[in-house]
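The primary structure of each chain is shown beneath.
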Amino acid sequence: MRRILVVCAVGVASIAVIATASQAAEPLDAVSIEVTPTEVEVQLGERIDLTVTVTNNGEAAVEGLIAHIDITDLDVSGSVDPEDWVKTLSRDVGTLEAGQSATRTWNVQPISSGSFTVYAVALAPEGSTAAASNVVTVDVAHRASLNPQGVLPVSIGVPAVIGALLLTRLRRRIS
Amino acid sequence: MTSNDQARSLFRVVARQELVELWRGPKGLTVLFAYSGLLAALAYMASADAGLNLLDARESVGIIAQTGVALGALTALVVSADAVSGERERGTLESLLVTPVTKRELVLGKLVASTSMWVAALGVAVPFVVVMARGPGVAIDALVVLVVTGTLVSAALTALGLAISSVAMSNRASIASAMAAMLLLATPSQLPSVTADGVIGNVLIRANPVSAGLKLANEVLVAQRSWASQWTFLLAPAVAAILFTAVAIAAAGRIELGASR
Chain A
1 MRRILVVCAV
11 GVASIAVIAT
21 ASQAAEPLDA
31 VSIEVTPTEV
41 EVQLGERIDL
51 TVTVTNNGEA
61 AVEGLIAHID
71 ITDLDVSGSV
81 DPEDWVKTLS
91 RDVGTLEAGQ
101 SATRTWNVQP
111 ISSGSFTVYA
121 VALAPEGSTA
131 AASNVVTVDV
141 AHRASLNPQG
151 VLPVSIGVPA
161 VIGALLLTRL
171 RRRIS
Chain B
1001 MTSNDQARSL
1011 FRVVARQELV
1021 ELWRGPKGLT
1031 VLFAYSGLLA
1041 ALAYMASADA
1051 GLNLLDARES
1061 VGIIAQTGVA
1071 LGALTALVVS
1081 ADAVSGERER
1091 GTLESLLVTP
1101 VTKRELVLGK
1111 LVASTSMWVA
1121 ALGVAVPFVV
1131 VMARGPGVAI
1141 DALVVLVVTG
1151 TLVSAALTAL
1161 GLAISSVAMS
1171 NRASIASAMA
1181 AMLLLATPSQ
1191 LPSVTADGVI
1201 GNVLIRANPV
1211 SAGLKLANEV
1221 LVAQRSWASQ
1231 WTFLLAPAVA
1241 AILFTAVAIA
1251 AAGRIELGAS
1261 R
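As you go down the protein sequences, you meet chains A and B in turn.
The first sequence begins at 1 in this note's numbering and counts up by one.
The second sequence begins at 1001 in this note's numbering and counts up by one.
Isolated chain A (complex conformation) (with noise of 0.2 Å):
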């Protein structure tokens, strides 16, 4: 019974310096982000640059910053895969002195159709949140064409006329 309270005793002792710790890792007010443009309405299949400012608005330089972005589907509970529209989510920003600001450009492509929720945040060197965005409303078009690259009379008319050339051999055999 003993032995039972003492690791009880341990684990909530556990919980309450980890919750103490997890809540001295606070955001870094001198740092502020911002993603334009702010609403981007395009078709499925075209590019858009995202560009996102980091701004040290602080008194002291902050070093190692890195801005990361993020992409998220809020009418299906986040369902989208990031790095199936850009390749690098996170880009190095470095040391931001006292006032100055930093620009990084991503170059996105949906891949899906429907509206998107676009974000960034700046992270610090210890990988807590420095800050948080701005939300960008990404509106992505459905756009499909009938004859891509021309390629349909092709698909339908060459098994077209083999299955034709089949039908007559199968006709002159049966008949």
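The hints are simulated quantities; they were obtained by calculation from the structure and are not laboratory data.
Don't take each hint at face value.
[Said to hold, decoys possible] To give a feel for the contact side, a few chain B residues facing chain A, derived at Cβ under 10 Å:
| no. | residue |
| --- | --- |
| 1 | 1011 |
| 2 | 1023 |
| 3 | 1024 |
| 4 | 1032 |
| 5 | 1036 |
| 6 | 1037 |
| 7 | 1049 |
| 8 | 1124 |
| 9 | 1128 |
| 10 | 1132 |
| 11 | 1134 |
| 12 | 1135 |
| 13 | 1137 |
C-beta atoms are modelled at their ideal positions from N, C-alpha and C, and glycine is treated no differently.
Start from chain A and add chain B according to the hints.
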């Protein structure tokens, strides 16, 4: 008429007879119809993705060229794997063996007929490749890949199928063994790039005719590498075509009646 002339003429008779059987009957056209349907569906899907920029146009051509070669060779393999064991199973091999045609002439005639399956498959694949390659401007490269690589790969597989068919005692065993061999040969082309770029992966790909042929198609059409730097990928298909043809001719001597149904 000398004995050589007579042998040539008998070989021609066998080849003509086999060609007529394959193309006047439904067998050849049925296989070709399935091949064209698969290629059509794949070409349409790849073009749709390329049209939306979701797939590089060169990549879509590479996919069609590789599939054209692999499936085209497979159609020839299936026909050749049925050539002797099928006759045995249908009970028609006995009547063939009592004719003045030697076993070697019989196999060579069947080899020509089975190879015609690839020629027909090539004819089907060409329009797809030409239409899709217009955009990225790789039509000539794609056609050379299809004709040269495809012909060497399918020649190797056709001879392999025929060799298996000559020694297999049942048609089912012959076709299953031929398909298994094809899958085994194609496997190295599916290796992850980390493994494929290593020494063992590289040897596995270059040493076998199917994966070397498919790799060449990818390197020339998708990665935009020159023929001069990639021609060595043709060595394995060329050597295999010669070697397997020799094996098929040698295996002709082992054709036996066996148990027919």
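Hint check results:
Among the interface hints, the one on residue 1011 of chain B is violated; its C-beta lies about 26 Å from the nearest C-beta in chain A, farther than the 10 Å criterion. Taking 10 Å as the C-beta contact cut-off toward chain A, the hint placing residue 1023 of chain B at the interface holds, the least distance being around 9 Å. Nearest Cβ of chain A to the Cβ of residue 1024 of chain B: about 7 Å, under the 10 Å cut. The hint holds. Evaluation of the residue 1032 of chain B hint against chain A yields a held restraint, the C-beta minimum of about 5 Å falling below 10 Å.
For residue 1036 of chain B, the interface hint holds, the least distance from its beta-carbon to any beta-carbon of chain A being 4 Å, beneath 10 Å. The beta carbon of residue 1037 of chain B is positioned within 10 Å of a beta carbon in chain A (closest approach about 5 Å), and the interface hint is therefore held. For residue 1049 of chain B, the interface hint holds, the least distance from its beta-carbon to any beta-carbon of chain A being 8 Å, beneath 10 Å. For residue 1124 of chain B, the interface hint holds, since its Cβ comes within 10 Å of a Cβ in chain A; the closest pair sits about 6 Å apart.
This hint holds: residue 1128 of chain B has a C-beta 6 Å from the nearest C-beta of chain A, less than the 10 Å allowed. Against a cut-off of 10 Å between C-beta atoms, the interface hint on residue 1132 of chain B holds, since the closest Cβ of chain A lies about 6 Å away. Against a cut-off of 10 Å between C-beta atoms, the interface hint on residue 1134 of chain B holds, since the closest Cβ of chain A lies about 8 Å away. Hint status for residue 1135 of chain B relative to chain A: holds, with the closest Cβ pair at about 6 Å, below 10 Å.
This hint is violated: residue 1137 of chain B has a C-beta 13 Å from the nearest C-beta of chain A, more than the 10 Å allowed.
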